Amino acid sequence: MAKIKPRVKLPKKAKAGETITIKTIISHKMESGRRKDKKGNVIARRIINTFACKFEGQTIFGCDIEPAISANPYFQFNAKVEKTGEFEFIWTDDNGDTYQKKQTIKVS
Amino acid sequence: MPELSRRHILGMGAGALVVSSLSIPFSALAANTMATDAIMKFTGGAKPKDGLVTLDMPEIAENGNTVPVGVSVDSPMTADNYVKSVLVVADGNPSAGVATFHFSPMSGAAEASTRMRLAKTQNVIAVAAMSDGSFHSAQSVVKVTIGGCGG
Amino acid sequence: MGRKVSLISTVLGAGLLALSTYGTAMADSTLKSIAPPANHPLSEIISGYEFRASETQDLQDDDFENPGYIWVDKGEDLWSEVDGAAGKSCASCHEDASESMKTAGAEFPKWSEKLQKPINLEQKINDCRTENMKADKWKWESEQLLSMTSFVRSQSRGEPVNVQVDGPMAPFFEKGKDLYYQRVGQLDLACSNCHEDNYGNQIRSDLLSQGQTNGFPTYRLKWQKVGSTHRRFKGCMKNVRATPYKVGSDEFVNLELYLGYRGKGLPIESPAVRN
Chain R
0 MAKIKPRVKL PKKAKAGETI TIKTIISHKM ESGRRKDKKG NVIARRIINT
50 FACKFEGQTI FGCDIEPAIS ANPYFQFNAK VEKTGEFEFI WTDDNGDTYQ
100 KKQTIKVS
Chain L
0 MPELSRRHIL GMGAGALVVS SLSIPFSALA ANTMATDAIM KFTGGAKPKD
50 GLVTLDMPEI AENGNTVPVG VSVDSPMTAD NYVKSVLVVA DGNPSAGVAT
100 FHFSPMSGAA EASTRMRLAK TQNVIAVAAM SDGSFHSAQS VVKVTIGGCG
150 G
Chain B
0 MGRKVSLIST VLGAGLLALS TYGTAMADST LKSIAPPANH PLSEIISGYE
50 FRASETQDLQ DDDFENPGYI WVDKGEDLWS EVDGAAGKSC ASCHEDASES
100 MKTAGAEFPK WSEKLQKPIN LEQKINDCRT ENMKADKWKW ESEQLLSMTS
150 FVRSQSRGEP VNVQVDGPMA PFFEKGKDLY YQRVGQLDLA CSNCHEDNYG
200 NQIRSDLLSQ GQTNGFPTYR LKWQKVGSTH RRFKGCMKNV RATPYKVGSD
250 EFVNLELYLG YRGKGLPIES PAVRN
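Residue numbers (numbering that gives the first Met the number 0), protein chains in the order written: chain R, 0 to 107; chain L, 0 to 150; chain B, 0 to 274.
Hints are computed from structural coordinates only; laboratory data are not their basis.
All of these numbers come straight from a predicted model, not from anything done at the bench.
Mixed in with the good hints there might be a few duds.
Far from chain B, some chain L residues (derived; all Cβ distances over 10 Å) [as the list claims (entries may be wrong)]:
1) T32
2) A45
3) K46
4) P57
5) A60
6) E61
7) N64
8) T65
9) P67
10) K83
11) P104
12) A118
13) M129
14) D131
15) T144
Taking lysine-lysine and the DSS-like style, the derived pairs with C-alpha atoms no more than 25 Å apart in a straight line are [claimed, not checked]:
16) R:K38 with B:K87
17) B:K136 with B:K116
18) B:K176 with B:K113
19) R:K2 with B:K123
20) R:K37 with B:K237
21) R:K38 with B:K123
22) R:K2 with B:K176
23) R:K4 with B:K113
24) R:K2 with B:K221
25) R:K37 with B:K116
26) L:K46 with R:K22
27) B:K87 with R:K4
28) R:K2 with B:K237
29) L:K83 with R:K79
30) R:K35 with B:K109
31) R:K28 with B:K116
32) R:K100 with R:K35
33) L:K48 with R:K82
34) B:K113 with R:K37
35) R:K38 with B:K237
36) B:K237 with R:K35
On the chain L side, residues computed to face chain R include the following (Cβ under 8 Å) [claimed, not checked]:
37) G43
38) A89
39) G96
40) T99
Note that CB positions come from ideal geometry on N, CA and C, so glycine has one too.
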């Protein structure tokens, strides 16, 4: 599979107590395990099976994922921010790999 | 990535035709066994109540590969009153599960959107588990049309 | 656009199911069009965007939600990645792509003095790699070539399609035009039968567009990834049960050139999102 590329979008700054919107997308085929190749062999399942968003180590939002999620999975959700800190986004692949991205937010 | 074969597409199409050409009363559109089982497992056997949950999906999906789906649950999202998780299932896919969203009071709002695959016209059901132990649900019928161009 | 659905019956005859009850009901007034130049075959030039459902349009409208931007991002990384014996990256010569590639995406296929024929953007990128970077060509439809083509063409977003069709380009333009109107395959259909005679009509549940190229490389929901103009051409030819030309063939470059003229003035939308 081609190089996996995560992208995230959230504001750089926010006010304390504000609920912000976070958007994430990652390049992934999300091979369902139900398709066959040209020879009729089943193509092994390989999907992103979990996603998590942490703020300063604490899980804010998470998702358990099934093959019914589209290729290049997109998630949009919210977070309530009280202080300046670092968001961490973690995608876990069926093959055991994890893909991570970090981004800080300044809260005033 | 190999393409879907024409036979697949025609097969999917035939399914969509049958389901959508009958006018089934709403009560008969209840989830199939697989979907019901997934919901019962999630709720521990409790029957979810209507209300509080909003499921935002198109009435007609232009392409079943990528159907936008948004869920939101009416909740103050405070430490003692919040939505713990939301299960999303589809009753016409080869397997019912779609995703389970996990929230916390730090989520600020119990809202999430993603994009899902629908093999044919079917019901999508969202069930929310509230911090007080109750369950609420909403459901949507999404029509999946047959493409004309296999290219 | 109130044409009769003669095409549908042709397809029916070929044993396919026709289904016209679903799909987006289109009112002519909702389609944004631009006026064609004099003697143009179309009375209105319409982007493929206009024929898509609002959910699909929404995906294209937001650069973050648009999955095509994953490829643009990868292309941006590759732009400054040194490759080949000359020790150069694209950026070594072309520096800031937002300046140097501002109009490039709207002008291809373009005349190649060296080859004495038009070449398209994919071929130009590979020509740069072999000639200037002394690097290997990227395979057509490879992750790298799709990413770089998406990145370069996205720099021209909003620029009007403006291919040169006169001078030395003229004979190639004529060949492309001949291909466009040539009936091919078991269904005996030319490009024009769907995309000139029947745009705005439905082929089963799909709404036929004018077959414009201003959104390519495009993220197609069917493909679940970005694909090239020539991949789309191949798909169309397979649909009419014809043997497709090869990606990168002179035939497809000529056709791409002719389609550029048919979409003259449309803003570049790459990476667009299509069905």
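* Proposed interface contact between A89 (chain L) and chain R, which counts if any beta carbon pair is under 8 Å -> holds, 6 Å
* **Hinted pair K87 (chain B) and K4 (chain R), Cα distance within 25 Å** => holds, 24 Å
* Asked: Is the straight-line distance between the alpha-carbon of K37 (chain R) and that of K237 (chain B) 25 Å or less?
  -> Holds, at roughly 17 Å.
* Status of the stated non-contact between T32 (chain L) and chain B (beta carbon gap over 10 Å) -> holds, 28 Å
* Taking the shortest Cβ-to-Cβ distance between K46 (chain L) and chain B, state whether it exceeds 10 Å. => holds, 32 Å
* **Restraint status (C-alpha distance of K4 (chain R) to K113 (chain B) at most 25 Å)** => With Cα atoms ~37 Å apart, K4 (chain R) and K113 (chain B) exceed 25 Å; violated.
* To do: Quickly compare the C-alpha distance for K35 (chain R) and K109 (chain B) to 25 Å and report which way the hint goes.
  => violated, 40 Å
* Closest CB of chain B to the CB of P104 (chain L) still more than 10 Å away -> holds, 27 Å
* Please work out if K237 (chain B) and K35 (chain R) have their alpha carbons no farther apart than 25 Å. => holds, 21 Å
* Looking at M129 (chain L) again, its CB stays over 10 Å from all of chain B? -> holds, 29 Å
* Asked: Does the alpha-carbon distance linking K46 (chain L) and K22 (chain R) stay inside the 25 Å limit?
  -> Status violated; Cα separation ~32 Å.
* With 10 Å as the threshold, tell me whether T144 (chain L) passes as away from chain B on beta-carbon distances. => violated, 4 Å
Violation of the numbered hints given earlier is confined to hints 4, 5, 6, 7, 8, 9, 15, 16, 21, 22, 23, 25, 26, 28, 30, 31, 32, 33, 34 and 37; the remaining hints are satisfied by the structure.
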